[in-house]
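Chain B: place on chain A using the hints.
Below, each chain spelled out in residue letters.
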Amino acid sequence: MPKVKVPRKSTNVDMTAMCDVAFLLLTFFMLTTKFKADEPVVVQTPKSISEIKLPDNNIMSITITKDGRVYYGVDGKYNREKLLKKISDKYKIQFTEDETYAFSLTSAFGVPIQKLKLYLDLTPLERQNIQQPGIPIDSTNNELGDWIMQGRLANPQYSIAIRGDGDCPYPVIKKVIATLQAKNVNKFNLITNLEAKPKI
Amino acid sequence: MAELDTSQKGGGHKKGKKKTKKASTRVDLTPMVDLGFLLVTFFMLTTTFSKPQTMEINMPVKDPTEQGKGQDTKASQTVTIILGENNKVFWFKGLPDTANYSTTDYSAKGLRSILVDMNKTTKDLVCIIKPTDKSNYRNVVDALDEMSIIGIKRYALVSDFIPIETEKIKNL
Numbered sequence: 011m012p013k014v015k016v017p018r019k020s021t022n023v024d025m026t027a028m029c030d031v032a033f034l035l036l037t038f039f040m041l042t043t044k045f046k047a048d049e050p051v052v053v054q055t056p057k058s059i060s061e062i063k064l065p066d067n068n069i070m071s072i073t074i075t076k077d078g079r080v081y082y083g084v085d086g087k088y089n090r091e092k093l094l095k096k097i098s099d100k101y102k103i104q105f106t107e108d109e110t111y112a113f114s115l116t117s118a119f120g121v122p123i124q125k126l127k128l129y130l131d132l133t134p135l136e137r138q139n140i141q142q143p144g145i146p147i148d149s150t151n152n153e154l155g156d157w158i159m160q161g162r163l164a165n166p167q168y169s170i171a172i173r174g175d176g177d178c179p180y181p182v183i184k185k186v187i188a189t190l191q192a193k194n195v196n197k198f199n200l201i202t203n204l205e206a207k208p209k210i
Numbered sequence: 301m302a303e304l305d306t307s308q309k310g311g312g313h314k315k316g317k318k319k320t321k322k323a324s325t326r327v328d329l330t331p332m333v334d335l336g337f338l339l340v341t342f343f344m345l346t347t348t349f350s351k352p353q354t355m356e357i358n359m360p361v362k363d364p365t366e367q368g369k370g371q372d373t374k375a376s377q378t379v380t381i382i383l384g385e386n387n388k389v390f391w392f393k394g395l396p397d398t399a400n401y402s403t404t405d406y407s408a409k410g411l412r413s414i415l416v417d418m419n420k421t422t423k424d425l426v427c428i429i430k431p432t433d434k435s436n437y438r439n440v441v442d443a444l445d446e447m448s449i450i451g452i453k454r455y456a457l458v459s460d461f462i463p464i465e466t467e468k469i470k471n472l
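Chains A and B are the protein sequences, given in the same order. Each residue of the first sequence is one higher than the one before, starting from 11 at the first, in our numbering. Each residue of the second sequence is one higher than the one before, starting from 301 at the first, in our numbering.
Simulated from the structure, these hints should not be mistaken for lab results. Virtual Cβ for every residue (Gly too), placed ideally from N, Cα, C. Don't take every hint at face value.
Unchecked claim - What follows is a set of in silico ranges between Cβ atoms, one per label pair, in the way DEER data are often shown:
1. Asp-433(B) with Lys-209(A): 51 to 57 Å
2. Met-344(B) with Gln-141(A): 32 to 38 Å
3. Thr-43(A) with Ser-407(B): 46 to 52 Å
4. Asn-194(A) with Thr-403(B): 33 to 39 Å
Unchecked claim - List time: in silico BS3-like cross-link candidates among lysine-lysine, alpha-carbon distance up to 25 Å:
5. Lys-393(B) with Lys-321(B)
6. Lys-76(A) with Lys-388(B)
7. Lys-420(B) with Lys-63(A)
8. Lys-453(B) with Lys-209(A)
9. Lys-76(A) with Lys-209(A)
10. Lys-207(A) with Lys-470(B)
11. Lys-207(A) with Lys-409(B)
12. Lys-388(B) with Lys-184(A)
13. Lys-434(B) with Lys-185(A)
14. Lys-184(A) with Lys-434(B)
15. Lys-57(A) with Lys-322(B)
16. Lys-209(A) with Lys-319(B)
Chain B extracted, bound-state conformation:
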């Protein structure tokens, strides 16, 4: 491999010529291997294999001429989730003024099981996520994440509140 063939085959030396001692060309490669693996380890530890994960969000195009005009959805198909403070979730189905408001949380037995049931019973469920000013970013991502876990295709992130909603969640 790394050694050169230094043995003399055939030929033989001629008479009278001085015999020079041939030094072996064999080099000890162990330190080089050590160095190689040291650097490999360094690059292995510093390399970032995993790219950050992202959630893609598409917001509706805001048209300044059509302020306040949104897409209408059927009240019977709509569920509104209000994200409150201290990881509390309020939700109701249907119209904000007549519906029954309930409280839940972000656990699997809370929000998820409610939405899973609702998604089974209601065709074309539309979910409206309304984060209050007291909620935090994690709550929003959690709520959006539930949509993809459960497979709710139609959902919207809305931050406008109507007075009746604020009034009702205050009493809960």
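The shape of chain A in the complex, shown without the other chains:
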């Protein structure tokens, strides 16, 4: 029987098209990605059905931990520098250039103003490891109010977001809300996790 000769086809596939696709996707993800801001504390926010999205920028965040410590943070490097300048004028504390730079990279912090200088002098690694006492919110010594006030002066477009832990006792929240109201901030956002809307 005569053998049928099957012509051998090359197994070489042209990879160019696949390469194009890969790099197109790569470019897309590189441009759309936004790295998560490092949070100083882990907070488990409660769930709600609300679907309003938090805006991308101009956020002043107040983080409240499980044990009732309050952290404060604003976004934007330039605004942080401006804010620190205002605070240093108000409290008559001078910050060096290095400290200002360190502050401009801090997304959120929870130390009283008197200890802020010490905190900023630490190396980034040390800063991560120390337990921050939280910003005082008592009626006699309400530094959070000053931070909010000066923050809004530094950038009037800031909208305020409260990221609270679900297990945080209510009196702390009450104090934070009272502080906000004392500074005439009556509109703010509570950051929550999404949950499906139940049928009623």
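Leaving out everything else, chain B in the frame of chain A:
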């Protein structure tokens, strides 16, 4: 595609000229594709598509000259929800001193069904949420969330207690 046409069409080489061997310009792109997809995977996993969800809260403007003067609501339209400790909820309809206080919880059969019924029977229901100092933040968000689930338009977050309320929930 990526290859250049290296075959010689027409022309032909002239006599006497040395024939140089033409190397193929074809490059194996497989490692490049590998690298591309590796990076795509990395960015896909690190990217945060979902922005955090928020609940918008509008508090009434505090006027220091009008301390204690709030907006009056009809007692028959008002339901007060007191958030107690250990995820307990106390509620009553009407005036705090004459109303019947009851206990419930945050489940769908508890607080929600009570409020749904009440919202159906009462026109322009006003809900007052009073978290006690023993409640936690989750309770507050849950209670506010019920308002948007049920569709109660008028509600307020109040933290001032009157003695009779504290007295009554103590006995429950």
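For this session: State the violated hints by number, sorted upward, taking the hints as numbered earlier in the document.
Result: Structure breaks hints 1, 3, 5, 7, 9, 10, 15 and 16.
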